[in-house]
Amino acid sequence: MSTSKAMQQSFALRFSSGAFLAFWCLLAAFPIFWIAIMSFKSPVDAFAASPWDVITGPATRGNGDGLSVLDIVVGLAVLYFAIRWAFTRLPGLVRQYCPPGMIALGWIFGAVIYGVAFVLVFFGLLPLILGGVNGLLGPLGTPVLGLTTEHYVAVWAENEFYRNFLNSMLVTAGVVTVSLTVGTLAGYGLARSGSDLAFWLLILALIFRALPHSVLVAGYLPVFINSSEILRPIFGEGAPTLYGQPWAVIAVLVAINQPFTIWMLRSFFQNIPAELDEAARVDGCSHFQAFRRVIMPVMWPGVITTGLFSFLLGYNDFLVTSLLLDAQNQTMVPAIAGYFNRETTTTDQVEAVAAAVSITAPLFLLVMVFQRQIVSGLTAGAVKG
Amino acid sequence: MKFKTFAAFVGPSIFMMLLFIAAPLVSVFIQSFQETITIQEQVEVETCTPGFVTQTCTTEIKTVPVLDENGKTITETRWVGLQSYQNVLQMDKLWEAVGAGSWNDIMQIDFWRALRFTLTYTLLTLPLVLGVGLAIAITVNNATRSIRGPIIFVSLLPFIITPVIGALSIYWLFVGDGILTALLERWTGNNISMFAQGWTVELLMYLYKVWSSAPFAFVIFYAGLQTVNMDTLESAVIDGASRWERLRHVIIPHLMPLIVFIALIHLMDTYREFEAIVGFRSQAHVISLQWLTYDFMTPDDAGNRAISRASASAMLTMIGIVFLLIWPLRRTWRDHKGSAH
Numbered sequence: 001m002s003t004s005k006a007m008q009q010s011f012a013l014r015f016s017s018g019a020f021l022a023f024w025c026l027l028a029a030f031p032i033f034w035i036a037i038m039s040f041k042s043p044v045d046a047f048a049a050s051p052w053d054v055i056t057g058p059a060t061r062g063n064g065d066g067l068s069v070l071d072i073v074v075g076l077a078v079l080y081f082a083i084r085w086a087f088t089r090l091p092g093l094v095r096q097y098c099p100p101g102m103i104a105l106g107w108i109f110g111a112v113i114y115g116v117a118f119v120l121v122f123f124g125l126l127p128l129i130l131g132g133v134n135g136l137l138g139p140l141g142t143p144v145l146g147l148t149t150e151h152y153v154a155v156w157a158e159n160e161f162y163r164n165f166l167n168s169m170l171v172t173a174g175v176v177t178v179s180l181t182v183g184t185l186a187g188y189g190l191a192r193s194g195s196d197l198a199f200w201l202l203i204l205a206l207i208f209r210a211l212p213h214s215v216l217v218a219g220y221l222p223v224f225i226n227s228s229e230i231l232r233p234i235f236g237e238g239a240p241t242l243y244g245q246p247w248a249v250i251a252v253l254v255a256i257n258q259p260f261t262i263w264m265l266r267s268f269f270q271n272i273p274a275e276l277d278e279a280a281r282v283d284g285c286s287h288f289q290a291f292r293r294v295i296m297p298v299m300w301p302g303v304i305t306t307g308l309f310s311f312l313l314g315y316n317d318f319l320v321t322s323l324l325l326d327a328q329n330q331t332m333v334p335a336i337a338g339y340f341n342r343e344t345t346t347t348d349q350v351e352a353v354a355a356a357v358s359i360t361a362p363l364f365l366l367v368m369v370f371q372r373q374i375v376s377g378l379t380a381g382a383v384k385g
Numbered sequence: 001m002k003f004k005t006f007a008a009f010v011g012p013s014i015f016m017m018l019l020f021i022a023a024p025l026v027s028v029f030i031q032s033f034q035e036t037i038t039i040q041e042q043v044e045v046e047t048c049t050p051g052f053v054t055q056t057c058t059t060e061i062k063t064v065p066v067l068d069e070n071g072k073t074i075t076e077t078r079w080v081g082l083q084s085y086q087n088v089l090q091m092d093k094l095w096e097a098v099g100a101g102s103w104n105d106i107m108q109i110d111f112w113r114a115l116r117f118t119l120t121y122t123l124l125t126l127p128l129v130l131g132v133g134l135a136i137a138i139t140v141n142n143a144t145r146s147i148r149g150p151i152i153f154v155s156l157l158p159f160i161i162t163p164v165i166g167a168l169s170i171y172w173l174f175v176g177d178g179i180l181t182a183l184l185e186r187w188t189g190n191n192i193s194m195f196a197q198g199w200t201v202e203l204l205m206y207l208y209k210v211w212s213s214a215p216f217a218f219v220i221f222y223a224g225l226q227t228v229n230m231d232t233l234e235s236a237v238i239d240g241a242s243r244w245e246r247l248r249h250v251i252i253p254h255l256m257p258l259i260v261f262i263a264l265i266h267l268m269d270t271y272r273e274f275e276a277i278v279g280f281r282s283q284a285h286v287i288s289l290q291w292l293t294y295d296f297m298t299p300d301d302a303g304n305r306a307i308s309r310a311s312a313s314a315m316l317t318m319i320g321i322v323f324l325l326i327w328p329l330r331r332t333w334r335d336h337k338g339s340a341h
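Taken in order, these protein sequences are the chains called A and B. Note that the first sequence covers residues 1 to 385 in UniProt numbering. Note that the second sequence covers residues 1 to 341 in UniProt numbering.
By construction, these hints were calculated from the structure, which means they are not laboratory data. Note that the Cβ used here is the ideal one computed from N, Cα and C, for glycine as well. Don't take each hint at face value.
To be verified - Now the stretches of chain A that chain B is said to cover, found in silico as 3 or more residues with beta-carbon under 8 Å:
1. 108-121
2. 188-200
Said to hold, decoys possible - No more than 25 Å apart at the CA atoms, straight line, and that leaves these computed lysine to aspartate or glutamate pairs for DMTMM-like:
3. B:K93 to B:D177
4. B:K2 to A:D196
5. B:K4 to A:D283
6. B:K93 to B:D110
7. B:K2 to A:D283
Said to hold, decoys possible - Pair by pair, the computed Cβ-Cβ distance ranges are:
8. A:Y80 to B:D231: 42 to 48 Å
9. B:M91 to A:A22: 35 to 41 Å
10. B:A100 to A:N226: 40 to 46 Å
Generate coordinates for the entire structure from the input sequences, incorporating the hints supplied.
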């Protein structure tokens with residue numbers, strides 16, 4: 001598309017808008033980028049006053065932890081091929097080995113295997129081989145860039161952060177599954193019913209969306225703590241105490257997420273022509289069969305997008321999980337608050353940084369892979385009305 | 001669709017929302033008028049310690065909780081009316097402070113301090129988020145097609161990232177001799193500590209909010225810009241409209257429903273700010289309404305949670321959001337009715 005002469009931009013305008021964009025990108029990425037760098041340095045370097053020292057890490061290098069020229073070259077090459085294969089080979093393999101109809105599950109499975117393999121090769125095999133080769137190379141093998149993974153080892157192995165990680169995975173998996181099952185049904189019902197009741201239900205959901213979460217948690221907390229006494233008449237002696245239970249938190253988060261989920265899924269369902277399920281109904285399907293056999297197969301993009309946002313809600317939640325889960329069942333985000341109390345030395349502080357980066361890494365990958373879905377999900381409700 | 005089928009589809013979702021949103025709401029409302037206290041009694045306790053010749057015994061009167069036959073403390077729930085609200089609002093202290101005309105005294109009361117911060121935080125950041133979001137959307141829309149993907153990727157990061165971590169990542173840049181504090185110190189030649197006084201912490205929190213919310217506004221505006229009618233725009237050019245006039249009279253009116261939509265979401269989400277307080281550890285200087293409720297609900301040193309006060313402050317928080325949302329909701333309603341005619 002060629003723009004007419006009147007619509008063309010002057011050089012000054014193009015320059016200033018380019019400069020503004022560059023500045024914004026720097027602003028958006030810098031804090032995250034910087035804590036990622038800090039997490040790989042020894043405490044002295046991580047909190048050094050000179051930015052150059054934070055990047056190169058002389059004290060870290062002095063401790064004997066660092067990357068040589070060879071490490072950097074080989075590491076970048078491995079990274080490059082890993083990313084390339086993720087986009088070229090992996091889709092083919094998933095399609096080849098996945099039983100038909102299970103493509104979503106196949107993708108999750110494939111991505112997890114690929115991720116684990118990458119971590120094993122990059123952080124396990126590579127240092128082992130390069131450690132041997134570096135010794136033989138002389139000047140090329142001496143470290144030039146300070147870098148240490150000791151904080152990550154401390155966080156994940158010594159402080160048992162993997163427990164929090166597993167709890168996070170449990171909670172988010174639960175939130176996504178239940179949200180989508182309940183939400184798709186409701187979204188479909190609301191999209192296909194033109195009744196006033198449907199309209200008022202949507203307005204009610206909007207009001208529920210606005211409620212501060214603390215209001216809801218103030219309601220759950222006493223009930224959850226006393227739940228075994230309240231439920232005793234129904235369940236007898238084995239009545240559970242809901243406080244501290246991950247599945248109780250899942251139910252709460254699903255409820256908090258429902259208003260948003262049904263709004264979003266409804267707008268996706270409205271984009272699917274109603275003729276499609278009418279045709280299925282003429283062919284003898286019931287409403288539910290039409291929903292399951294005809295509509296759901298074309299709804300996958302909408303479901304994946306909504307699932308992403310449910311994932312974000314479950315994964316990012318601090319308030320609900322920190323108040324309703326006890327210390328053993330804590331998820332990652334509230335667990336990081338535990339580092340504040342321990343934060344007496346700079347080593348603790350850098351460990352907290354490493355934990356924060358660990359929490360961020362999956363989100364980073366998520367945006368990278370699903371950017372298109374996230375953007376379409378955000379705009380689905382807004383632009384189409 | 002028959003009502004029965006509709007109910008079968010929508011039922012589970014409505015059930016969950018009623019059970020986990022509406023029911024807690026009702027229970028919070030009731031709790032805010034009640035107070036649960038442990039029944040205590042005063043007992044005479046004689047404690048003896050071995051002395052040099054004889055035992056030294058002292059008798060004192062102690063207050064201990066009454067236990068039932070299972071060894072659990074007995075609690076009693078009483079109807080206290082507006083007492084919890086009074087405890088949160090502290091109206092007597094407020095009037096005293098207003099009478100004395102002392103702003104500082106008003107800010108000594110947690111609720112009013114939280115309300116002041118929450119409102120300024122919500123309302124001050126709103127125009128900034130809208131403005132920055134629109135600016136990014138317009139410049140990205142003007143940029144070459146090939147670089148739009150990476151820019152959208154980078155822009156989404158602050159929005160997607162866990163809010164506590166986002167706040168922390170900015171906190172670490174400024175804390176102590178953090179890299180940006182060091183830079184500022186070198187630049188101004190003064191010794192700067194960003195977290196020692198209230199206003200710098202607050203400033204950083206505003207920055208954080210704009211940083212983390214502008215991407216949402218950007219994406220929505222960017223999508224809206226794709227639907228701007230090119231013919232209208234070109235006829236505006238032919239009529240001699242400058243860039244600024246085109247923005248003012250063609251683009252912004254076109255985006256108006258989106259501006260209201262973003263304002264609605266921003267008010268909802270910023271009003272319940274909580275993570276920034278945790279991330280910046282700003283409790284000593286500024287607190288938000290949601291943090292106040294959280295604080296009441298966290299067990300204190302004795303392990304007690306101030307549930308009834310938390311309920312009262314939660315109800316007050318909710319009343320606030322209703323007031324804030326009246327304007328955008330009325331506008332949406334008018335647009336809805338207007339489009340129906």
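Please verify whether K4 (chain B) and D283 (chain A) have alpha carbons no more than 25 Å apart. Satisfied, since the Cα-Cα distance of roughly 21 Å is no more than 25 Å.
K93 (chain B) paired with D177 (chain B) [C-alpha distance capped at 25 Å]: violated, 40 Å
Can the restraint linking K2 (chain B) and D283 (chain A) be considered satisfied, given a maximum Cα separation of 25 Å? Holds: K2 (chain B) and D283 (chain A) sit about 18 Å apart, inside 25 Å.
Hint check: K93 (chain B) vs D110 (chain B), CA-CA at most 25 Å. Holds or violated? With a Cα-Cα distance of about 11 Å, the restraint between K93 (chain B) and D110 (chain B) holds, given a limit of 25 Å.
For Y80 (chain A) and D231 (chain B), compare the CB-CB distance with the range 42 to 48 Å and indicate the outcome. holds, 46 Å
For A100 (chain B) and N226 (chain A), compare the CB-CB distance with the range 40 to 46 Å and indicate the outcome. Since the Cβ atoms of A100 (chain B) and N226 (chain A) sit about 44 Å apart, the hinted range of 40 to 46 Å holds.
Quick check: does the Cβ-Cβ distance between M91 (chain B) and A22 (chain A) fall within 35 to 41 Å? For M91 (chain B) and A22 (chain A) the Cβ distance comes to about 52 Å; the hint is violated.
Between K2 (chain B) and D196 (chain A), does the CA-CA distance stay at or below 25 Å? holds, 13 Å
Coverage criterion applied to the stretch 108-121 of chain A (partner chain B; beta-carbon cut 8 Å; 3 residues): It is violated: at least three residues are needed, and the stretch 108-121 of chain A offers just 0 whose Cβ sits closer than 8 Å to chain B.
State whether the coverage of the stretch 188-200 of chain A by chain B holds or is violated, taking the criterion as 3 or more residues with Cβ-Cβ distances under 8 Å. The restraint on the stretch 188-200 of chain A holds, since 8 of its residues have a Cβ under 8 Å from chain B and three suffice.
The structure fails to meet hints 1, 3, 9 from the earlier list, while all remaining hints are met.
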